[in-house]
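Q: Residues per chain are reported as follows:
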Amino acid sequence: MLRRFKPEDLVAAIYEEEGFYEVERREEGILGASSRIVLSDGRRELAVNILDEDTLMVHGAIHDALLQAEKLRERYSGVAIAIPRRFRRAVDDGVLSMHGLGLIVYDMMGAEEVVPPRFSERVEVVKSSNTAIEEKAVSIEEIVRIRSDIGRILRMLEELEARLDRLERAQRSLEIRVNRIEQRSSRVEVRVRETPRIEERVKPSSKKLPSYLVDNPWIDILSRRE
Amino acid sequence: MSEEYKREHVFGIDYGTSDFKYGPITLGEIPEVVENRGYFVDRESLMSRLMDIRREVIVGKELPLFLESRKSLAERMVYPMRNGVIEKDDLRAWRVVEELTRYALESFAPRDEEFDGFYLVASVSMVAPRYMYEKLFEIFKRMNEERTLVKAATIIPQPLAVAIAHKIPTCVVVESGHGNSQICPISMYPIRDAVLALNRGGCSANTLMAEILKDAGYGDLAKEESLVRRVKEELGLLPRDLDPAIDYAKANPEKVRGRLKIPGTRIVIDLGEHSWTRFLVGEYVFNPNHEIFQSYFTRGMPKPSDIKIGDTFFYGMMDMAEAIIESVEKCPIELQPHLYSKILLSGGNFGWRAPEDLKEVAVTSDLKLSSMLREKGIEDVEVRITEEPRFSVWRGCIVYGYAVPIDYEWNWNRMEGWLYLA
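So the protein sequences, as listed, match chains A and B. Residues 6 to 231 (the working numbering) are what the first sequence spells out, left to right. Residues 13 to 434 (the working numbering) are what the second sequence spells out, left to right.
What the hints contain is simulated information worked out from the structure, not anything from laboratory work. Glycine included, each C-beta is placed from N, C-alpha and C at the ideal position. Be aware that a few hints might be false.
[Unchecked claim] Partial chain A-side listing against chain B, Cβ under 10 angstroms, derived:
| id | residue |
| --- | --- |
| 1 | R78 |
| 2 | L101 |
| 3 | I181 |
| 4 | L218 |
| 5 | P222 |
| 6 | I224 |
| 7 | D225 |
| 8 | I226 |
| 9 | L227 |
| 10 | E231 |
[To be verified] Calculated Cβ distances over 12 angstroms to all of chain B for the following chain A residues:
| id | residue |
| --- | --- |
| 11 | E23 |
| 12 | E29 |
| 13 | D69 |
With the sequences and hints as input, model every part of the structure.
A: Next comes the structure, spelled out in structure tokens:
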């Protein structure tokens, strides 16, 4: 069955190429939006308030959304709102652009950035105004570092796994070779012992080996295949 | 897993054109045999409801119990190996092969805990293309879905199995079956580059026999394939030399007269003045180029044509001795005398009898081929008809599995070795 993408995934996807990755997603308790995602490129943070069709059916919802988005500019480097494509005309691009807010429209085919958000130098502002947010910025940098560490560890694990595979194969091959060398050293003896064993198993009533196994030169030829 | 375990658990399967031979080494001389066919059950039919049949395909010895009307027989009965080659997308044929394989393995798989799967050696036609090997290995792998039935598997060509069963390491195996004939030189390994195939087999002789029956006034019987085959086997003769044999037959009509009563019926076939044509049937398999066959071709009998099946080119009109020479001449010169000195004829199409009173003009296949090769300048020829040709492929499989070491792993370049599946 085909997976239907959520608006949050569609919106996040358009910023992936610019090096942003999702660091937070909230789908409940958002004022003026149905959900919010926060994207970061390690240096800047972009908050996107996403409005679905149900939210927009409420009278004045678009104004409320814009006001709430404006408030977010204090906390994030950039802010945008995402609305379904069919509500595109309800928003004036010029006004949004003037206030530095971004506009994204989406439908089931994907998302499109109509007005790019204006990014402020948030880190410096944050440093001077809010210690808690500063800590958060540090933790995002830390996340980036941890992610790269995890990537490196995974690569090392893959290499180790491949080496283990090779070692296991080599061990198996050695075991087989040792077995064969042991058998070769006592080949004549083994054959003498084996003949009655097959005889016993072949047919309880028969005392003879199957005719095709007796004095068959192929047994020697085939047993030397390597 | 030890060599000892393998030797006790070798299992052979011969996917023959008409019979499917199978069984473990413990069977001794003779394998189990069932017909190489499967019956697709009509699940809606009264019969399948009454018998509570849950399977889609029925194979094996109980198959006749499930048959319904003659019409449905034609639609639902599948013979997968008719020409030794199964089309890649012939899903019904592959389904039958899978069911037969499961049937064979489950018939003999021990229930004890020590059992960890058979070492399966399967044998297919020399002309089987690579995709058949791939498909068969997939089938063998699926055998282990419920419990381990196949520890490791390998596939060998039928001529190699024949050579192994007859204890001859260097030889030419000529396998002539229902639809075609294959010539395979062997020197410890099958020499694949020298394999040559003819688009003539037992069915070609049947076609000519049907024409002869029509000419003799038995046009109604000529439509019954099984009857035609029987008449061919009973009345067909292989001439030492065709022209003198025809002269002899015309000079001694009573001695050569072909008369056959079909047991259990009122049918008596008497070729009468056409009895000399008995010699044509055998000759046609070995050499269809004699001018006498032209009259049959011009009257509409299909001429054996050159065709390509899978990766192999099948010659239609090349005579048997010429084909052997062409095949052997693709091998190193030093090896050629050794190959000519051991030619093994295998398959039901070489079973021509030479009645005692016609020994002057009628011969067996080995003598015919020896004389054809000598005529073409090949000396020191020894041609042998295989003993018990029905079981020799299975026996070759058992010897192969018994002897090949467990660490000789499958390789797609040399097409040999064990492919581990469990």
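Q: Does each hint fit the structure? Answer for all of them.
A: Structure-based check of all given hints:
For A/R78, the suggested interface contact is broken, since its CB lies about 61 angstroms from the closest CB of chain B, more than 10 angstroms. Interface restraint check: A/L101 against chain B, minimum CB-CB distance 59 angstroms, threshold 10 angstroms, status violated. The criterion of a C-beta within 10 angstroms of any C-beta in chain B is met by A/I181, whose closest approach is roughly 4 angstroms, and the hint holds. The criterion of a C-beta within 10 angstroms of any C-beta in chain B is met by A/L218, whose closest approach is roughly 6 angstroms, and the hint holds.
Checking A/P222 against chain B by beta carbon gives a least distance of about 6 angstroms; that is within 10 angstroms, so the hint holds. Hint status for A/I224 relative to chain B: holds, with the closest Cβ pair at about 4 angstroms, below 10 angstroms. Interface restraint check for A/D225: the shortest CB-CB distance to chain B comes to about 8 angstroms, inside 10 angstroms, so the restraint holds. About 6 angstroms separates the beta-carbon of A/I226 from the nearest beta-carbon of chain B, less than 10 angstroms, and the hint is met.
Given hint, A/L227 at the interface with chain B, holds; its Cβ is 4 angstroms from that chain's nearest Cβ, closer than 10 angstroms. Interface restraint check: A/E231 against chain B, minimum CB-CB distance 6 angstroms, threshold 10 angstroms, status holds. The beta carbon of A/E23 sits about 47 angstroms from the closest Cβ of chain B, which is more than 12 angstroms, so the claim that it is off the interface holds. With a least CB separation of 46 angstroms from chain B, A/E29 remains clear of the 12 angstroms interface cut-off, as annotated.
Against chain B, the non-interface label of A/D69 holds: every CB pair exceeds 12 angstroms, the least being about 60 angstroms.
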